[in-house]
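*Asks:* Next come the chains, spelled out residue by residue.
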Amino acid sequence: MQNDINSTNIITFEKVAKTYDLKDTALRDVSFSVGKGQFVCLIGPSGEGKTTVLKIIAGLEKETAGMVVKPNNVSMVFQSIALFPWLSVFDNIAIVLRARNISEKEVDKIAHEHIALMKLTPYADKRPADLSGGQRQRVGIARALAVNPEVMLLDEPFSSLDAKNTAELHDDLLDIWNHGKKTIVMVSHSIEEAVSLSEKIILIKKNTVADTFVIDMPYPRREHERFQGEVNKIRKEFFK
Amino acid sequence: MKRHKHVIYPRTLGEKIYGLFIGPLLVVGIVFVALKFFHLTPGTFSGISFSDLGLAAGLTLYRLMLAFAVSLIIAVFLALFVTSSPVIEKIFLPMFDILESVPILAFFPIIIIFFIKFDFLNGAAIFILFMTMLWNIVFTLVGGLKIIPKDIIYAAEVFKIKGLNYIRKVILPAIFPEMVTGSILAVAQGWNLIIVAEVMHVYIPNGSPSSDLFGLGSILVKAASNGQTDLFLAALAVMIIIIAILNFFIWQKLIHYAERYKFD
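Residue numbers (the working numbering), protein chains in the order written: chain A, 246 to 485; chain B, 9 to 272.
Certain hints may be false.
List of simulated lysine-lysine pairs, DSS-like, C-alpha gap at most 30 angstroms [unchecked claim]:
hint : chain 1 : residue 1 : chain 2 : residue 2
1    : B       : K168      : A       : K260
2    : A       : K281      : B       : K170
3    : A       : K281      : A       : K307
4    : A       : K268      : B       : K158
5    : A       : K354      : B       : K270
6    : B       : K154      : A       : K268
7    : B       : K158      : A       : K260
8    : B       : K261      : A       : K371
9    : A       : K300      : B       : K170
10   : B       : K158      : A       : K450
11   : A       : K350      : B       : K98
12   : B       : K168      : A       : K350
13   : B       : K261      : A       : K307
14   : A       : K307      : B       : K98
15   : A       : K451      : B       : K230
16   : A       : K350      : B       : K177
17   : A       : K371      : B       : K154
18   : B       : K230      : B       : K154
19   : A       : K354      : B       : K168
20   : A       : K371      : B       : K270
21   : A       : K364      : B       : K158
22   : B       : K154      : A       : K300
23   : A       : K300      : B       : K168
24   : B       : K98       : A       : K300
25   : A       : K300      : B       : K261
What the hints contain is simulated information worked out from the structure, not anything from laboratory work.
Sequences are here, hints too, so could you generate the full structure?
*Replies:* So, in structure tokens, the structure goes:
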């Protein structure tokens, strides 16, 4: 599949396959690209390969066949959030910075900057158990951003949050993307979410790329007259 | 903070007072009523004074805690090793299962003979306590390592928390609740075995009671076999008080503290 965006690609998948124990196919013949600074959403039915694509980009899985080009500095926001419950908000961010041998002064500065960015300053000393679901996911995003990644991956990050928290985090994520020009690849189970956030949507069905949609619409999109039309078009392909 | 019903931690002042004072005092009271019943006077017990009992308690605790410390350290290494890869787990976990099932007391005479050569009978007692405690901790830790959420492992990998840092800052905290549970079980096992571990002469060829190790376990056995009821009850009371204090000041505090290390 040809890249349809005129920007430098930061991620390229070329005929990528992934099998487990030589028989269970997780991905087959997957080709797509992600341009630098792009916001891309992967959508598709459950268990048909979206998260495997994300894991390959994150370096958590290795492709069985094909070619993958991806940067080294990748961070991830997990569906389960995956914070360390014994650490405070500050330390959950500091631990990933310390792993990169950053000086303690810098760790302190960067961690507090990202705590403030995600509106978590009053909770800096609290542990994840003392936070709401939305606040925890904010810590997850702050942690992912703190390492200044070239690509930020998000695996269904809002699936367990209520509508209010989800809407707030959508706005924050778009702000981060607009200001930092980070490349974002997000797995989502919601077509509406994908259309409201991303520039490109990759539909993964039956373990391969079934279709790609470029969303050219100004933000905020939910009230835009073409929003529902785009959602319906993708939904038709999703259920085909 | 969520309260977990299954954690028996004294939270109210009443529970704390009961745990620290009233519970142990009740035990001591029962002991002294028993002494009265047998027309015995407290102070010295069949020639053994309170301070001797204190020394015996100190020596027993030293053996138990040294064995516990060594078994905890080695158990952490063994648990990390056996879960380090599926192949290693397949080979070594069944081996650990067999080793755990072997009754360690069957080997006690050989262990004693080995330590006699170095004139270090304390070593034999500590070794047998260590072997008894080890597997409790190993298997509890292996269980803990297996329930660490996959995303926590992935997060450590994505954020490049590697090597010793990964063990120290992710794995060990993640299994801290199991470390506490395993330790409680192990030390309880140790108390069970201390009676056997200190009464050495039974296992030494032509051994006499003089070769027993001085401690609460050996005092209990000697007092029981000589019909020294006062000494037996006094030693039992000291043992129960120590167990109650350890429980209140260490184990309950650790159980409470371990709550913050648990995953949702």
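*Asks:* I'd like to know which numbered hints this structure contradicts. Please list them from smallest to largest.
*Replies:* Of the numbered hints, 11, 13, 15, 18 and 25 do not hold.
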